[in-house]
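**Student:** Residue strings, one per chain:
Protein chains: 2
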Amino acid sequence: MIFTIRKDVFLKALNIANRALSSKVALPILNSLKLELDEEGLHITGSNNDITIKTSVPLKENDEEIISNTKYGGALVNGRLLTEIVRKCERDTLTFDIFDETIVKIKYGNSGFNLNSARAEEYPDFDMEEKGVEVGMKAALFSKLVDTVAFAASTKEQRPVLTAINFEAVDGRLACTTTDGFRLARIEADLDTSESFVANVPAKMAQEVARLIDGEENVRIYFDTKKALFVFGKTIVSVRYAAGEFPNAKAIIPKSFNYFLEINAQELLSAMDRVSTLSLERDNIVTLKMSESSVEVSSKDTQNGSASEEISVFQYQNEPLEVSFNSSYVAQAVKAVGTTDVILAFLGEMKPFAVKSTKDDSIVQLVTPRRTY
Amino acid sequence: MIFTIRKDVFLKALNIANRALSSKVALPILNSLKLELDEEGLHITGSNNDITIKTSVPLKENDEEIISNTKYGGALVNGRLLTEIVRKCERDTLTFDIFDETIVKIKYGNSGFNLNSARAEEYPDFDMEEKGVEVGMKAALFSKLVDTVAFAASTKEQRPVLTAINFEAVDGRLACTTTDGFRLARIEADLDTSESFVANVPAKMAQEVARLIDGEENVRIYFDTKKALFVFGKTIVSVRYAAGEFPNAKAIIPKSFNYFLEINAQELLSAMDRVSTLSLERDNIVTLKMSESSVEVSSKDTQNGSASEEISVFQYQNEPLEVSFNSSYVAQAVKAVGTTDVILAFLGEMKPFAVKSTKDDSIVQLVTPRRTY
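Protein chains in written order, with our numbering: chain A, 1 to 373; chain B, 1001 to 1373.
I should point out that these hints are in silico values taken from the structure, not numbers from a laboratory. A quick note: this is a predicted structure, and the numbers were derived from the prediction, not measured. A virtual CB, placed ideally from N, CA and C, is assigned to each residue, including glycine. Among the hints, a few may not be true.
Anything over 12 Å on all C-beta distances counts as not near chain B; from chain A, calculated [said to hold, decoys possible]:
no., residue
1, Leu11
2, Glu65
3, Asn69
4, Val133
5, Ala140
6, Ser154
7, Lys204
8, Glu245
9, Phe260
10, Thr287
11, Gly338
12, Thr340
13, Ile343
14, Lys351
Below, computed lysine to any residue pairings styled on SDA-like, alpha-carbon distance capped at 25 Å [stated by the list, open to error]:
no., chain 1, residue 1, chain 2, residue 2
15, B, Lys1300, A, Ser23
16, B, Lys1156, B, Val1025
17, A, Lys105, B, Lys1300
18, A, Lys107, B, Ser1270
Calculated from the model, a selection of chain B residues having no Cβ within reach of chain A, i.e. all distances over 12 Å [said to hold, decoys possible]:
no., residue
19, Leu1059
20, Glu1168
21, Val1170
22, Ala1210
23, Ala1249
24, Asn1258
25, Glu1319
Bound conformation, chain A alone:
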């Protein structure tokens, strides 16, 4: 394999494929990127076993030459080193040349690098096939689905399925759900297919895909039995599902609530932020005390002291109610709902409560209260 390539385009593609590399992989070969050059261009593949990214650089774009002096072939090269070398290039182009199938020679300006490499055939064979239920969607919608629920997924590996976003499609309607056992986030949207499927895509990988499609118009997704395949621009991403059965969200979300507080999202966020200063060492727990005449956010810490703040504008009609919770959970839920005003809907002091939009019901954020004694 031999080629001369534009530095900026090469670096951009390397940065995409690199997103799949992990510093903690068990298989040393996965520190490498696979490079393959054929008549369609240069293909770069990176993987950490859970996520595999393949992206391509065409030989020409808009009649402008991007890759020249080509001799087709392939190689495995350390991804981190190759990217650093390309990043530090101060010229417009660089040349890439394999010597004896074991050494990659990279040259630009007065600099020359010899990188130990291996044959492309030694790379594991990851499933990148377009198989399963095909879904087409605006890239912006996919990002919104992920942003609305990803933060509520578990970050602990004990129960892998809880680290996932549960995608469930029935009759042309898609529901995306996450839960870490203390809270739950759910968003629904219409689909362009009426086929049913269930897929548990690790939330971190879904966020990675959302980052990569930023700037794209559309994304095609193939929900297969063991993996989801995301196709956009010149890139294909394959994500392995999390193992296990996802909890039944419908059984967790209450059908109705008894107490409703309507409140300005920003005022609630600021008050919780200030008051939780005094409960930083106690999971940011704050107490919300509601009555028809006043709403107060407060916190207490035996070592440091206490804090409280009156909310000036609100709507609440019912018996007084007092609920304590992790304020960062509620803050994330309020931000994910994304409206100027939000409704907090309660069943009682120790029952999970909902943070909802005042406008539509497609998003539900559920938080479990905390005892303060």
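With chain A held as given, fit chain B onto it using these hints.
**Tutor:** Leaving out everything else, chain B in the frame of chain A:
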């Protein structure tokens, strides 16, 4: 103690005093700031035993009221919490009030905070006296002295004196020296006093002072027997000396050299940066190969490969010489010298070599070569 204070001025003063607080102090009381209000204003003191910072806010500035509704007194308050609470204040002023000598009440807008506090008298008595040899200096010169040598101080605590900048004054001339055993940095400057003194000021603390005096015109320094006192603006900083005897720099710095390479600083820095990509796991070791006809920077790593770069513009007249070294040490030395071109002066392959300015001799940076086999 009672007062109403302008938020912006209070926060700025808290941020200064907070620089002395450390998360690793043994004495819990040092998590507190000492606040004292008298007819001269509000005095805020923070300390971690090694560095003590006292800064003041006047009652008025340019006829504008900064502190009002005053009742003189003092208190100890958790510095991190107090600063967070003041930082999150969205009003122009806030009120501060001590209740029963044990609770500080802070109020702004709809928010109220009760912080547990202690009596000011319980705070340790740190020596903040203006004693010893007095030196006056431009703040910019002090920062230059610190920036030129601080990075070459040791960061390991085994030999505390090596973590210090050695200030040594003789006959109106000041020399500042640091060494971590592998390299040495030294800068000289004229003093406004002919008194002699030696002071080992921990480099990290000297850097803290340099950060704090940024924006000031002048600084007065009192070099005492056990501490240095820095006086500037409305702030006094006391720094405890590092224990131990500093090595004799004059005995370490060679009197003369045999081989001289003159080279553009930026070209050397870029070449070392690129080439050291291949020796990241080997302390960034690179080899400089000099002859009258060519200069080459190279590196080698058995696992990953090798890299080399030709230097295009240089001056070198002597027998060929090959020297290997930690390129980040040389990069820091080149940057500290701060000139467009630098001279690398050698005695031989394995002898310490100097990085010097082409223009003046007040700065010397010394680096010990490394074996590559």
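**Student:** When the structure is checked against the list of hints, which entries are broken? Sort them ascending.
**Tutor:** Hints that this structure does not satisfy do not exist here, as all of them hold.
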